[in-house]
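A.B. asks: Taken in sequence, the protein lines are chains A and B.
Here the first sequence is numbered in this note's numbering, starting from 10 and rising by one per residue.
Here the second sequence is numbered in this note's numbering, starting from 125 and rising by one per residue.
In case anyone wonders, no lab produced these hints; they're calculated from the structure.
Here a beta-carbon is modelled for each residue, glycine too, at the ideal position from N, C-alpha and C.
There's no promise every hint is true.
[To be verified] Estimated spans, in silico, between C-beta atoms of each pair: (1) A:Glu61 - B:Arg591: 44 to 54 Å; (2) B:Thr520 - A:Glu61: 39 to 49 Å; (3) A:Leu58 - B:Thr520: 18 to 28 Å; (4) B:Arg195 - A:Gln23: 55 to 65 Å; (5) A:Val60 - B:Asp393: 36 to 46 Å.
[What the hints assert, rightly or not] Not the full set, but computed from the structure, chain B residues with beta-carbon under 10 Å of chain A: (6) His430; (7) Ala435; (8) Ala438; (9) Thr469; (10) Val473; (11) Tyr478; (12) Gln486; (13) Arg489; (14) Thr520.
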Amino acid sequence: MTSVSIQLLQALTQELSGIPARPGDLAIAATQLGPQLDGLARLDDLELLAVEPATILVPSSRAPHAA
Amino acid sequence: MPPDNLTRLSIAEAGDLLRRRALSPVELTRAYLDRIRRLDPDLLAYITVLPDEALAAATAVEQEIARGQYRGPLHGIPIALKDLVMTRGVRTTCGSRILRDWVPDADATVARRLADAGAILLGKLNMHEFAYGPTGVNPHYGTCRNPWDRHRIAGGSSSGSGVAVAAELAAGALGTDTGGSVRIPAALCGIVGLKPTYGRVSRAGVIPLAWSLDHVGPMTRTVTDAALLLQVLAGRDPADPTTSAVPVPDYRRALQGEVRGLRLGLPKDLFFERVDPEVRIAVQAAARSLEGLGAVVEEIPLPKIHHAGPASFAIIASEAMAYHEPYLRARAEEYGEDVRARLTTGQFVLAHQYLKAQRARQVIRAEVDAALTRVDALLTPTTPVPAPRLDERELTVEGVTEDARWWLIRCTRPINLTGHPALSVPCGLTAAGLPIGLQLVGRLFDEATLLRLGHAFQAVSPARDLRPPLNS
Chain A
10 MTSVSIQLLQ ALTQELSGIP ARPGDLAIAA TQLGPQLDGL ARLDDLELLA
60 VEPATILVPS SRAPHAA
Chain B
125 MPPDNLTRLS IAEAGDLLRR RALSPVELTR AYLDRIRRLD PDLLAYITVL
175 PDEALAAATA VEQEIARGQY RGPLHGIPIA LKDLVMTRGV RTTCGSRILR
225 DWVPDADATV ARRLADAGAI LLGKLNMHEF AYGPTGVNPH YGTCRNPWDR
275 HRIAGGSSSG SGVAVAAELA AGALGTDTGG SVRIPAALCG IVGLKPTYGR
325 VSRAGVIPLA WSLDHVGPMT RTVTDAALLL QVLAGRDPAD PTTSAVPVPD
375 YRRALQGEVR GLRLGLPKDL FFERVDPEVR IAVQAAARSL EGLGAVVEEI
425 PLPKIHHAGP ASFAIIASEA MAYHEPYLRA RAEEYGEDVR ARLTTGQFVL
475 AHQYLKAQRA RQVIRAEVDA ALTRVDALLT PTTPVPAPRL DERELTVEGV
525 TEDARWWLIR CTRPINLTGH PALSVPCGLT AAGLPIGLQL VGRLFDEATL
575 LRLGHAFQAV SPARDLRPPL NS
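Modelling step: build the complete structure from the supplied sequences, incorporating the hints.
C.D. replies: Take a look at the structure:
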């Protein structure tokens, strides 16, 4: 399982996002992120090369909006 | 009729009496307010109760009906709203300390539609803070107690909605559902919960958790009542560009359709893996009941559905973080610990991972769409476990131990990702007396078939007349 260090998250939050975070919250985030990153990597199994992202404004290809 | 008998009436039953002037809306509203006063200090379903406003509205309704101005089956029906639905002049806390004193100056579209239909607002309902959690644990307003066992969670995030309807503290309620937050408390509290198709019901004026996953839906004691509420809620709303112009059918009429010949798919992938034995038995029995009504049940593969979990995580974490960023910068200490930690996690999901998740979503949705060309609906457990105890952080099923929250959302959140409609209907009780929910998933914008199936099942279900053991 991917391991994420609290120190890395601390650096990211301080230097990139600028959102203050508590050490306890970062510890929980590190625990949650590991398995999720593995799962996100496995999304490549779905062969997404030709797939465009879903967008919020188009809920379904079968759901035409009113004129 | 004694007051506690009045609150047992379904919306359809009470509506019929109100229409015929055989029941006073003031009498009905008083019965609910009296029950709230007696039971809610223990159950904590409500954050805000509106006794004066509700009685004033009931008096006005009584006069309208007396003048022959009957608006329809919700006219005079006491309902309540999850406290993230904006209500003009009534505080809308979202279950948070941050919005403790926020009073909107406009109604959400769904609140306005219910008011226009003549429904009477009893109050605003407790919930998981900012809807970000499936347990209903709330450090600011207290944690809702499950009316079937006060030592267990009600499920969330629409915990107050589940408790209020199950305990007859409202005739019906609205919840919202981003990963199961209508269906989970419905299952755990033994009531009906409907997550409509994404785009079927307006989200305008509903505080978001994750814009592309959020749905608003009815929570009721019967499937008929869910149909009555959906009839008023559904349809295009110019204030919400994600709502669809797909025509809204007559849902009540749809209840009367045939079940015979409908095809139901049991997706063994994910939904029936590692399920509490009592839940499995109850859901399989429900499938046999529907077979007995003439439905055809078959197993159906959904191998890609396993990817729904991480895709859902990336989307909800990113969208929730984007919404909450200003509050996290300025008022982080006002969040409860669990929600703040989950929000914090969202800042570490990278943009390309979010987009990968939105691309995976298309593939997973296509797989479910394809399955629903073979069958008319999918049939699954709503939750693979019954209500956990308040102090249970992890649960073990079939030798696998996981966080209780992940068990709760496992069968529901894939359907937020795909946007299909999903209905949870009670299908039994465990030996310990805890409700079990059956989930039916339908084609996009085909809520009518789900309601028909749910209504037919409820008519023959052993769980149809069950009420929680409340001492009053």
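A.B. asks: All the hints need checking, so say for each whether the structure fits it.
C.D. replies: Going down the list of hints, with the structure as the test:
no.	hint	result
1	A:Glu61 - B:Arg591: 44 to 54 Å	49 Å, holds
2	B:Thr520 - A:Glu61: 39 to 49 Å	41 Å, holds
3	A:Leu58 - B:Thr520: 18 to 28 Å	40 Å, violated
4	B:Arg195 - A:Gln23: 55 to 65 Å	57 Å, holds
5	A:Val60 - B:Asp393: 36 to 46 Å	20 Å, violated
6	His430	9 Å, holds
7	Ala435	6 Å, holds
8	Ala438	6 Å, holds
9	Thr469	4 Å, holds
10	Val473	8 Å, holds
11	Tyr478	9 Å, holds
12	Gln486	5 Å, holds
13	Arg489	7 Å, holds
14	Thr520	18 Å, violated
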